[in-house]
Structure formats: structure tokens, C-alpha cells
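Line order of the protein sequences matches chains A and B. All residue numbers for the first sequence refer to full-length UniProt numbering, where the first residue is 1 and numbers rise by one. All residue numbers for the second sequence refer to full-length UniProt numbering, where the first residue is 1 and numbers rise by one.
Note that these hints are calculated values from the structure, not bench results. Treat each hint with caution, since some may be false.
Claimed, not checked - One-sided and incomplete, this derived list gives chain A residues near chain B with beta-carbon spacing under 8 Å:
1. ASP360
2. VAL451
3. GLY679
4. SER681
5. VAL685
6. ARG690
7. ALA706
8. ALA961
9. ARG962
10. VAL966
C-beta atoms are modelled at their ideal positions from N, C-alpha and C, and glycine is treated no differently.
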Amino acid sequence: MTLAPAPPGADRRRPQLADFRARCEDVAGVRLDEPGALHDFSVQHPERFWRTCLDWAQLPWSGSADVVLTSGDVQSARFFPDVRLNYAEALLRPLPGAGDGAPAVTAVHADRPAERLTRGQLREQVALAAAALAGIGLTDRDRLVLIAPHGVPAMVVALAAAALGAAVSTAAPDMGALALLGRFEQVEPAVLVLDRTAMGEATVSALLDGLPTVRRLVVLDDLPLPEGDPTVDRLADLTAGAGPSPAWDRRPFDHPLFVMFSSGTTGPPKAMVHGAGGTLLEHVKEHRLHGDLGPADTLYFHTTTAWMMWNWQLSALAVGAHVITYDGPVDGPQTLWELAAGHGVTVFGTSPAYLQLCQDDGYHPAAHLDLSRLRAVLSTGAVLHDWQYDWVAEHVGPVPLQSISGGTDIIGCFVLGSPERPVRRGRCSAPSLGLDVAAVEEDGTEVVGAVGELVCRNPFPSRPVGFLRDPDGSRFHASYFAAHPGMWTHGDLVEFDADGSARLHGRSDGVLNVDGVRIGPSEIYTALRGVPGIADAMAVEQRHPARPGASRIVLLVVLREGVVLDAELARTIRRTLREQASPAHVPALVAAVPELPLTHNGKRSERAARDAVNGDPVANAAALRSPACLQAIRAAVTAGPAATADQDADPLLRAVTGLWSELLGTGEVGPDDDFGDLGGSSRQVLSLLRRVRLDLGADVPVQAFAADPTPRGLAHAITAGTAGDPAPLLRAGSGRPVFLLPDAWGQLNLYAGMVEQLATDRPVRGLRLRLTGPDGAHLPVEEVAAEAAARLREVQPDGPFSLAGYSFGGLVAHAAARALTAEGREVAWLGLLDVRPPRAALSAREVAAQRRAARLRTLLSRRALEAVRRRLRRGSTLAGRPPVGPVDPELAFFTGSEAVGDSYRPGRFDGPVTYFLAEGSQRHVRGTLGAWRRVTPRLRVVDVPGHHGDLDDERIGMLSARHVGVLAARVSATLA
Amino acid sequence: MLLVTATPVRPGPLDADVALWLVDLAADDDALTAAEARLTPVEVARAHRGTPAVHRRRVLLRAALRSALGSELGIPPGQVPIGTSPAGRPHLAVRGSLLDVSCSASGAVGVVAVGRGRRVGVDVELVAPWSSDVLDEGWLSPGERRALTGLPVTARPLAVTRCWTQKEAVLKATGTGLRADPATVVTPVGRATGAVAGWEIRDVQVPDGWVASLAVTPEEETPR
Ligand SMILES: CC(C)(COP(=O)(O)OP(=O)(O)OC[C@H]1O[C@@H](n2cnc3c(N)ncnc32)[C@H](O)[C@@H]1OP(=O)(O)O)[C@@H](O)C(=O)NCCC(=O)NCCS
């Protein structure tokens with residue numbers, strides 16, 4: 001009788017860990033069945049442990065494993081310097097229980113049926129792809145960048161590159177071009193492999209522009225191939241024409257396998273190189289010993305190709321597990337559970353956020369689905385809360401919920417599950433075997449049962465080989481080994497219990513995690529450099545006082561001599577961060593402190609500051625240079641926001657702020673507060689602007705306010721912008737201004753939409769003109785125009801001039817253009833926006849034509865009454881009688897303007913004139929345009945949509961929001 | 001799907017192209033916490049910039065907007081991709097989507113409108129007592145002012161507030177908000193429905209004391 005070895009993981013009652021322990025007991029000669037004994041052995045006898053691991057895992061390797069470890073120094077030690085292996089070979093070889101016919105991968109899609117490949121088929125595809133990539137010159141000195149969704153092609157390409165010994169760096173296609181370049185520019189890839197289906201064309205070209213080292217582009221999609229450099233091929237075409245697969249050489253243990261990225265507290269993302277041997281050995285160890293994963297398992301870990309969990313789940317092929325990939329959207333809480341149920345997933349990996357989403361939505365997976373195959377749920381990426389364990393127990397089933405935690409930096413985990421340990425709510429079950437992980441104090445002493453810095457005190461195989469662009473290793477050293485000499489300091493806070501279980505407590509290195517957004521404080525510090533008065537700053541995370549489980553940013557600032565943190569400075573800080581970083585970087589609280597906590601060796605201790613702002617005892621107070629600063633921090637934080645020190649010397653700003661407080665009914669208005677943030681509604685904006693006009697005598701248009709709705713912005717608008725300025729700047733720009741003349745109301749508001757949408761770099765100015773004389777009577781158009789010409793010359797001493805006006809304003813523009821040319825100045829562009837010729841300019845035939853049109857219009861009008869009123873009014877003004885209807889001073893003003901307009905006799909103007917004829921005015925004006933042609937020989941008529949849109953015209957005006965876009969475009973096109 | 005604080009306004013036959021939701025902005029703190037959980041960190045950060053009242057309003061309104069879109073799309077509110085125009089107009093960030101959205105709040109009442117194949121703008125406002133000050137605030141056109149002063153004093157509070165909501169509804173539908181001059185949007189004073197600046201205006205049923213208007217693209221138009 002022959003005894004076939006039991007496939008690993010086949011017997012659920014005896015985890016692989018038990019088998020492994022037995023091997024270690026043989027090697028150690030002692031029993032290791034006490035809880036924690038195996039881990040103790042693994043870190044006390046690393047050489048025996050890792051050697052046993054390599055042998056027991058039956059990984060394919062050659063060379064000699066006699067030297068396990070070159071030293072005991074975590075930063076520089078190398079594992080198995082004489083062992084050679086090939087990652088792809090190790091993943092794809094036939095295994096006991098997982099031969100070539102066993103399923104390797106099932107790729108699930110949202111929009112098409114799943115595909116399944118056996119291990120043999122996958123190996124064949126990888127071999128073809130390897131031949132193809134070798135054919136285009138990929139070698140083991142090259143790096144390949146792969147941007148594709150989580151699916152079979154990504155796996156095949158990555159494994160083919162690994163087979164050839166080229167390092168692979170992956171990302172997801174939905175990342176932005178900048179983020180992709182920020183990573184891959186450092187990689188200097190020789191070959192770029194893209195699935196362009198979910199990428200913008202702009203991203204593709206940005207990548208090619210930004211990655212000049214790329215010799216060949218390979219695409220996985222069926223989209224048309226771009227022309228030019230570099231040469232582009234479809235992978236499918238390359239494999240079809242490829243020669244025989246080259247040998248999958250075994251290479252040194254540290255040969256580069258993956259390039260991964262991690263953003264830290266400073267600088268661009270760190271590009272770290274992970275070696276083939278370390279990655280493989282660590283992953284096989286985690287999968288088999290901690291996850292008990294084997295050929296009987298189906299693993300789905302929800303990830304993208306941009307996250308290290310992608311690499312981690314890929315390595316599950318090395319233990320014979322069947323891997324599921326998914327590239328579709330998560331449409332709701334059910335998506336991933338349905339996937340797990342539908343594909344018989346035994347180990348399902350997800351994130352605390354997804355579990356929380358399911359819980360919040362009241363979704364109960366077990367009530368809808370058959371999850372009987374599921375034997376474990378893994379979660380990583382953030383802290384898993386106690387209640388989430390209860391939810392899984394109740395609504396998923398009696399399966400362990402394993403919180404695992406590690407990082408890209410080690411392409412693996414520090415703490416994770418264990419098949420032999422019960423799961424305790426809120427805790428990771430065990431430290432990673434072979435890794436001497438601990439929580440330490442500032443001085444490096446271990447703490448148990450209290451929060452400390454997560455460190456690893458001994459060499460481990462999945463430490464990165466090094467960073468790219470770090471020739472002397474100084475960045476590498478600074479990143480992990482500077483904080484605690486002789487230890488890998490990861491930057492997480494952790495608390496270990498005596499049983500080895502752990503709970504993570506967020507970042508310790510100052511990276512803030514606020515509401516799930518990771519915020520590098522360096523971005524905060526960089527932005528703050530531009531704020532005068534700040535000598536130093538420290539941003540720390542504080543438990544949210546009102547929202548359990550949430551956190552917020554507290555910014556501690558050390559001010560320069562003589563500077564006070566008043567509300568204004570606090571707002572400058574917030575505004576700067578909002579504008580230069582992002583809204584997520586804006587602190588909830590800014591507090592001034594005399595000093596930041598520094599350790600004896602001068603290192604900033606964010607951790608001490610965090611304890612202080614949380615009101616927690618500061619564990620490392622003794623390690624600080626001046627522990628007294630902690631008291632000051634506590635006091636500053638409890639004192640709350642700085643009171644508005646009234647040092648606004650600017651009386652206008654004070655007056656404006658006063659109006660705000662009055663209107664909003666709040667005393668706390670700072671100069672940079674946003675009207676909306678303070679609870680002001682848009683309706684109140686108008687009341688505010690009325691008060692500004694009455695109390696401060698300044699006419700601020702709504703749009704000017706909306707551009708910067710803060711007291712300071714309003715004060716600016718009052719001084720700089722409008723009040724008293726006879727030629728207010730409506731839009732900034734460079735070059736000769738475009739001038740707009742006021743309408744019959746004397747106002748410029750009507751041009752707001754057009755000004756905004758004009759396609760020109762030139763400045764746009766309005767003119768404020770007196771339309772009436774000292775006696776209140778309207779001035780003739782020529783007189784108004786004389787003032788206009790004078791104002792124009794003040795702003796622009798010499799021609800050529802460009803000016804335009806609507807209706808009455810157009811008459812003034814015409815008269816002003818004449819005045820300017822009479823002075824010998826050039827008018828390059830005169831725009832008349834539906835300027836109906838004045839009565840006085842019409843011939844008898846034209847008057848008759850106009851009357852006919854008016855009558856027709858009356859008949860067509862939906863509101864005949866309005867038209868009757870209009871006729872009455874027009875008749876009355878022409879006859880010089882007071883206007884009919886309620887006495888309305890503004891209306892009287894308007895009709896006064898209209899009257900002087902109608903009596904204007906336009907003189908000859910020989911310059912170019914563009915007439916923008918409103919569609920709705922055609923009937924009215926066509927017959928009378930001759931009046932304009934007679935005096936403006938170079939008249940060009942441009943049709944625009946909409947109606948004239950003046951008084952009582954309920955139809956849509958040419959300047960209305962609806963039509964102004966077209967008008968602005970046509971004005972821009974003719975502008976000279 | 002749980003809609004924590006939003007209740008649909010019964011859609012009338014005319015409204016099948018627009019789904020309307022009323023939002024209770026006086027909801028309790030539990031509802032607020034639940035609502036906040038559906039927002040993105042950026043939305044939460046924006047809400048926190050405001051005073052406590054603004055925070056509450058923004059959170060509940062945005063959560064309701066998410067719920068409304070989520071229920072149209074059949075996805076959880078937290079996963080609705082929402083974009084914002086530079087001027088602040090929210091929109092569903094799904095290319096080619098025919099859904100459009102707008103929201104508004106005033107006091108305890110919030111309104112969310114989802115246009116199905118229609119571009120929408122909605123505005124709700126607490127009716128305030130009449131004051132002739134409004135005539136001089138610059139947002140009414142002369143014709144509107146005349147029409148308003150022609151109304152009996154008792155009718156003016158509602159009329160002027162409605163007039164405002166109609167203008168705002170249009171400005172929010174176009175997306176400019178106050179960056180365009182409200183005086184250029186001329187409304188049919190005294191009427192709850194009609195056409196304003198090319199938009200179809202509808203009345204939205206809200207609790208007594210408030211008035212709300214909806215602007216939608218006329219039927220023949222495709223949403224921009
Ligand atoms: C935002 C604005 C369109 C409406 O304001 P309002 O009537 O006070 O507020 P409402 O409750 O009716 O509507 C607010 C909602 O409109 C939406 N909105 C914002 N800008 C918008 C725009 N340009 N177009 C359409 N909708 C907009 C937002 O979703 C907002 O809700 P949120 O802030 O909670 O996300 C208007 O205030 C504006 O244009 N402001 C310009 C900037 C300004 O002056 N700000 C000062 C404070 S009002």
C-alpha cells in the first residue's frame with residue numbers, strides 16, 4: 001500500500017499549522033504546543049524556523065539553503081543568499097491536490113460570464129505571454145508596468161514577467177494620470193502594458209509622455225492601435241507570433257519581483273522593490289500557516305491591482321488555492337456576498353468599510369444566500385470595530401472574522417489570524433510567525449497591554465530589497481530604521497495582549513487617518529509654509545468629541561514673536577489648506593502652543609501631542625525634552641478656537657463684518673468666513689447687499705459677492721471693484737479692455753452672464769455714467785457719450801478702442817465711438833446689442849413698418865394686456881406726458897432714458913460695426929435696419945437667439961441665462 | 001434601502017419625469033449620524049466647515065440627495081458617484097446618465113429633485129413677512145416689482161417668496177446660481193406655474209409656511 005501525502009488543507013480538523021509545528025518540534029527537539037511557543041521558537045531560532053519553512057513548503061528552488069541569514073541586522077540582513085528560485089514556477093507548478101486539471105482562477109465580470117482556467121491552462125498562457133514579452137526584448141534587468149483591472153490578463157502578464165525575471169509594478173486603470181505618473185515615473189519601465197478599456201485617451205498619452213523609458217507598449221484590449229512611438233502591439237498578436245517559451249530561469253532569492261508604493265509623511269510615494277524569494281516565502285507562510293489555505297480552498301480577496309492585497313492573493317496559487325478575480329463595480333452590499341456564494345468561496349477578504357456598509361444598510365447575507373462553503377472572512381485596510389464581529393457572527397455565520405494588518409512596505413502582515421486561536425472581538429489573533437513584532441515605548445522598551453509603536457525587531461524575508469532612486473539607501477534607512485535603531489518601525493500604533501492578540505490604533509508616524517482619508521501631514525506643513533507668522537506646526541488626529549469612532553484634525557501651531565492666533569490667522573490657515581491641499585486637510589481646531597513635543601534626540605513626537613489633545617495620559621512623557629509643553633497643549637485645545645481678537649484695523653472690514661453679524665444673528669464672524677458656512681442663504685445675500693448699499697454707499701453686484709463670499713471679499717469688492725469707480729473692472733484680463741455701456745437703467749448687471757462667458761483674455765470693464773443732469777432731467781445721448789469717451793480715455797489713453805452696448809447703451813456706445821473718432825482716435829470694434837434704431841432716425845416708411853410689426857406682435861402676444869400697457873406707455877412718453885400706471889421712480893427713469901434715446905439722431909460712423917440682432921426682434925427691426933445702414937456703412941449683422949427682452953417682455957431675452965452663451969460666443973468671435 | 005430622513009412627495013401625473021423628496025432637517029441626532037455615514041469624507045469635511053446648524057443641514061440634505069439618486073439607480077446611497085461643478089452644482093458623475101439632480105433647504109424643510117431625462121433646479125424658502133425693502137434689493141425686475149406692488153398686501157409675502165424660489169430654481173437648473181443676476185430671470189408674479197426664461201416652472205408641495213418651485217427643461221429638450 002502506498003501512502004499518498006494528504007493534500008494540504010484537505011483535512012480541516014488538522015490544520016497545516018499542526019503539521020508544521022510537528023516538523024519544528026523535530027528540529028527543535030522540544031514540544032511547541034503551548035500557546036505562543038511556536039512563535040517564540042520562530043523568533044528565537046530564525047535560521048531553523050525559516051529553513052524549516054522553506055523545506056516544508058516544498059517550494060522549487062536550487063542552490064544551497066545552508067546559509068539562511070547573513071546577519072541579525074534587520075536593515076541589512078539577507079535571507080538565503082545561495083538559493084535560486086522563480087516565482088512564476090513556484091505558483092504554477094503541479095501540487096499535490098492541485099494538479100494541472102485543478103481550477104487556478106475564475107475571473108468574474110459584471111457584464112459577461114465568468115471565465116475559468118485550470119492550473120495547466122494558466123501555465124500555458126503564462127508561457128505564451130512570456131515568450132511574447134521575451135520576443136519584444138524584456139529581460140531580467142527590466143521593469144514592466146502593468147495597468148489593468150483585476151482579472152486573468154493582469155495575472156498572466158505579471159506572472160510572465162516574473163517568469164522572465166522582470167520586475168512588475170501594477171496599478172488600476174481608473175487611477176488618474178498624475179497619480180499613475182507619480183508612481184511609475186520612478187520605475188523607469190522598459191515595457192508598458194495597458195488595458196485601455198477603462199482609461200481615458202488623455203491618460204494613455206500622458207503616460208507615454210511621462211514615461212520616456214518605455215521601449216514597447218503592449219495593449220490587452222481591442223481598441224485601435226495608436227501610431228508612432230513607442231511601437232505598440234496587442235498581446236494577442238504577440239503571443240500568436242511568439243517563438244518557444246524561454247526557460248524560466250531560477251534567479252537569486254532577492255531578485256526583484258514587484259515594485260510597490262507607499263506614501264509616507266514626506267516626499268513622493270516611495271517606490272520599493274520586493275524580492276521574489278522574500279515575497280514568496282512570506283506569502284506561502286501566511287497562506288498556509290495563518291490562513292490554512294490549500295487546494296480545497298477558493299479565495300476571493302476584494303482588491304484592485306493597485307493594492308498589495310492583489311500581490312498577496314496572487315501568491316495563493318502557490319498553495320494550490322483556486323483564486324477568484326472580479327473587475328466589476330460593487331453595486332451594493334449584496335455584490336460581494338453574492339459573488340462569494342455563487343462561486344463557492346471559502347475564504348473571503350474584504351474591508352471594514354464594506355462590512356460597515358452592509359451593516360448600515362441592514363443587509364443580512366446569510367438570510368439571502370447559501371454561504372455554507374465560507375469558512376473565514378478576512379478584513380484589512382483599517383481598524384475593525386468590535387460590533388462588526390457581532391454583525392458577522394449574526395448575519396454571515398459562525399466563521400472566524402480575521403482582522404489582518406501589515407503593509408505594502410512588507411508586502412505581508414505583522415498580525416493576522418491563526419487556525420488554532422479563537423477570535424477575540426476587535427482583535428487580530430496572532431503575530432506573524434518568524435517576525436518579532438512588538439509594541440514599544442519611545443525608548444524601545446516593549447509594552448504589553450498598552451499602546452505602543454509597532455516594530456519588528458528581527459530580520460524578515462519580505463523586507464524590501466531597497467527603494468528605487470535611493471542610491472545610498474538613506475531614504476530607506478530614514479523610512480524604517482531611524483526611529484528605533486535595530487528595529488523596523490512601521491509607523492502604526494498597536495497594542496498587544498499577553499495572549500499575542502493585537503489591536504491596531506492608527507498611524508503613529510503622523511500620517512493622519514481622518515474619516516478614512518489618509519492625510520500626509522507633510523502636505524499640511526508644505527501649505528503652511530506660505531502662511532506668515534507660523535514658525536512650526538504639527539497636525540494630529542483627535543478622537544472626535546461628538547462622533548464616536550470618528551476622528552478629526554487638530555493643528556498645533558507655534559507662532560513667531562509678536563504674532564497672535566486671532567480668528568483671522570486661523571481662517572487664513574484654513575483657507576490656505578483648503579486651497580492648496582484639500583478640504584480634507586482643513587483642521588477642525590487650530591491651537592497656538594508655545595512649543596511642540598520633541599524627544600531628547602530632537603525628534604518630533606506626534607504621538608505625545610496626540611495623547612495630549614485627546615486628554616490621554618502621555619505614555620512617553622519621560623522621553624520628551626520638555627514635558628511641560630504637554631500641559632500647554634492640553635490647555636490650548638480645551639480653550640477652543642481663538643476668540644476674535646479685534647485687531648482688524650480696517651474699519652471697512654469691521655463695518656462689513658458688523659453687517660454680517662447683524663444679518664446672520666451671530667457674533668462670531670471672521671473676515672474669511674464663508675457666508676454659506678455661517679448659515680447665510682442666497683436670499684440673505686441680497687438683503688446684505690442692500691444694506692451695503694444703504695449703509696456703506698456701495699453698489700456691489702451679486703456676482704462680485706458670489707466670487708468671494710467672505711467679509712474680506714466683500715470689503716474688496718466695495719473698495720477695489722465697484723463703488724465710485726467710473727470704469728469698474730467686470731472681469732480681469734490683459735491687453736486692451738472691452739468696454740460695456742450701461743443700459744437705460746444706468747446699470748451694468750445685465751451684462752454679468754455675457755462677461756462671464758466671453759472667450760477673451762482681455763479685461764472687460766463697465767462704464768458708470770450719469771444719465772441725468774443736476775435738475776434730474778435726462779441728458780441727451782451725445783452728452784452721456786461725451787462722458788463715456790472721457791472715461792474711456794482715462795482707462796485707455798489711446799486707441800484702438802472696443803466698446804459695446806445693449807439697447808440704450810448701444811446708442812451711447814455709437815455716440816461715444818463717434819466722439820472718439822472725431823478726436824482722431826481709432827475705434828476697432830463697436831458692438832450694438834439689439835439696438836433698435838431710434839425713432840428720430842427712421843424714415844416715414846420705416847416708422848410705418850415698425851408700427852405694423854408692433855401690431856402683429858400685439859396680436860401674437862400671449863399677454864395682450866402687457867402689450868397694451870406697453871403701447872400706452874410708449875405713446876405717453878413720446879408725447880412727453882407722465883407715464884401711465886403706478887408711479888415708480890425707476891420706471892420713470894427708464895422711460896426717460898428711452899425718450900432721450902428715441903430722440904437721438906445717430907450721426908455717421910465709418911468704423912466697423914457689429915450688430916447683434918435678436919431673433920425675436922427681426923420682424924420689428926429688419927424693416928428699419930436701413931436707418932443704421934445709412935449712418936454706419938460698415939455694418940455687419942449677426943443673428944443671435946432670444947428676444948430683445950426688455951421691460952414687460954416675458955419672452956426670453958438675448959441676455960438671459962438661456963441665450964447668453966450663444967451671444968457671448970458670437971461677440972467673442974467678432975471682437976476686435 | 002433605508003431612507004433615513006427623506007420622504008417622497010407623492011408624484012402627480014405631471015411629475016413622473018421628476019422624483020421629488022422632502023427632507024426633514026429637524027431629524028434627530030441618530031438620523032444625523034446615520035446620514036453622515038453615507039457621505040464621502042470630502043462631503044463630511046465640507047459639512048464640518050459650517051456652523052453646527054449648517055453642518056446638520058448639509059449632512060441631511062446631501063444624504064437625502066444620495067438616497068434619492070441611490071433609489072433611482074438601485075445602489076446604496078454611499079456609493080452614488082456625485083460630482084460638483086465649479087459653481088457648486090451637484091450632478092451624478094456617471095457618463096451618459098439621464099438623471100439630473102438639485103436640492104435646496106430652508107429652515108426645517110429640505111427638497112431634493114431628481115430629473116429623469118430632464119434637467120432640474122429646485123428651491124425652497126420659508127415665507128417671510130412682507131417688507132418693501134425687497135423692492136430695493138435689486139433682484140426683481142421692474143415689471144415684477146410693479147406686479148408685486150399691485151397685489152394686495154396679504155398676498156405679497158407668498159408671491160415674493162415664490163418669485164424668489166422660481167428665480168433660484170432657474171439659476172440652479174442652469175447651474176450658475178447667484179453668479180448670474182437674478183433680476184434677468186423674469187417670473188410670472190402671482191403664479192405658481194408657467195414658463196420662465198425657457199424653463200418650465202412647477203410648484204412643489206411643501207409644508208405650510210414654505211414655498212418651493214421646480215424648474216425643468218421643457219419636454220422637447222434633452223438635458224444638457
Ligand atoms: C448655492 C446657491 C445656488 C443657492 O443657495 P441657497 O438658496 O442659499 O441654498 P439652497 O438650500 O437653496 O441650495 C443649496 C444647494 O444648492 C446646490 N448648489 C450649490 N451651488 C449650485 C449651483 N451653482 N447650481 C445649482 N445648485 C447649486 C448645492 O447642492 C447646495 O446644497 P449643499 O451646499 O448642501 O450641497 C447660491 O447660494 C449661490 O449661487 N451662491 C454663490 C456663492 C455665494 O454667494 N455663497 C454665499 C452663500 S449663499
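When the hints from earlier in the document are held up against this structure, which numbers fail?
2 and 10
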